[in-house]
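Q: Sequence:
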Amino acid sequence: MSLTVSQATLRRSNRWKLAGLLALFVLIFVILISVENLLVSSILALMISYTLGPLVNYLERQGIGRTLSTTFVFISIGVMLGLLGLWLFPYFGETIPRLQADMPRLITGVGQFISELESRVQAVAGPSQIWILKPKSKAN
Numbered sequence: 173m174s175l176t177v178s179q180a181t182l183r184r185s186n187r188w189k190l191a192g193l194l195a196l197f198v199l200i201f202v203i204l205i206s207v208e209n210l211l212v213s214s215i216l217a218l219m220i221s222y223t224l225g226p227l228v229n230y231l232e233r234q235g236i237g238r239t240l241s242t243t244f245v246f247i248s249i250g251v252m253l254g255l256l257g258l259w260l261f262p263y264f265g266e267t268i269p270r271l272q273a274d275m276p277r278l279i280t281g282v283g284q285f286i287s288e289l290e291s292r293v294q295a296v297a298g299p300s301q302i303w304i305l306k307p308k309s310k311a312n
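Last residue of the sequence shown: 312 (our numbering), numbering continuous.
Simulated from the structure, these hints should not be mistaken for laboratory data. A virtual CB, placed ideally from N, CA and C, is assigned to each residue, including glycine. Hints should not be assumed to be uniformly reliable.
[Stated by the list, open to error] Distance ranges between label pairs, derived from CB positions:
| # | residue 1 | residue 2 | range |
| --- | --- | --- | --- |
| 1 | G265 | G225 | 35 to 45 Å |
| 2 | L190 | Q294 | 56 to 66 Å |
| 3 | A191 | G283 | 55 to 65 Å |
| 4 | I220 | L240 | 12 to 22 Å |
| 5 | G237 | L204 | 31 to 41 Å |
Could you build the full structure based on these sequences and the hints that come with them?
A: Structure, rendered in structure tokens:
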């Protein structure tokens, strides 16, 4: 016994599937937006999966199991990050105290730069154009 399904029934079925899929995407999006940490974690997980997936797939094609491939990739990345940290921590240990000592001078320099820039804009644009830089005052 063969069943024939009309084109209208197929279209209606496809519309319901599409509506359900869109509703599912909207629900997932709302959940991700309402929980900020979940959104950041999900995006980070997608990025890690997207970038490490090809390496895991390559190792799997070479005959290593997927679980072992994934474990190997994560351990390798952990070791690399650890070595990078061992290499960078002494540098940051020397640089941060110098930055703290130079911070007042740097802040003063930025303030002077902004003042000079504002005076140059006034000289070029004229006093009638400086309204761009100043906030509007409320008129009564």
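Q: Which of the stated hints cannot be reconciled with the structure, identified by number in ascending sequence?
A: Violated hints: none at all, because every hint is consistent with the structure.
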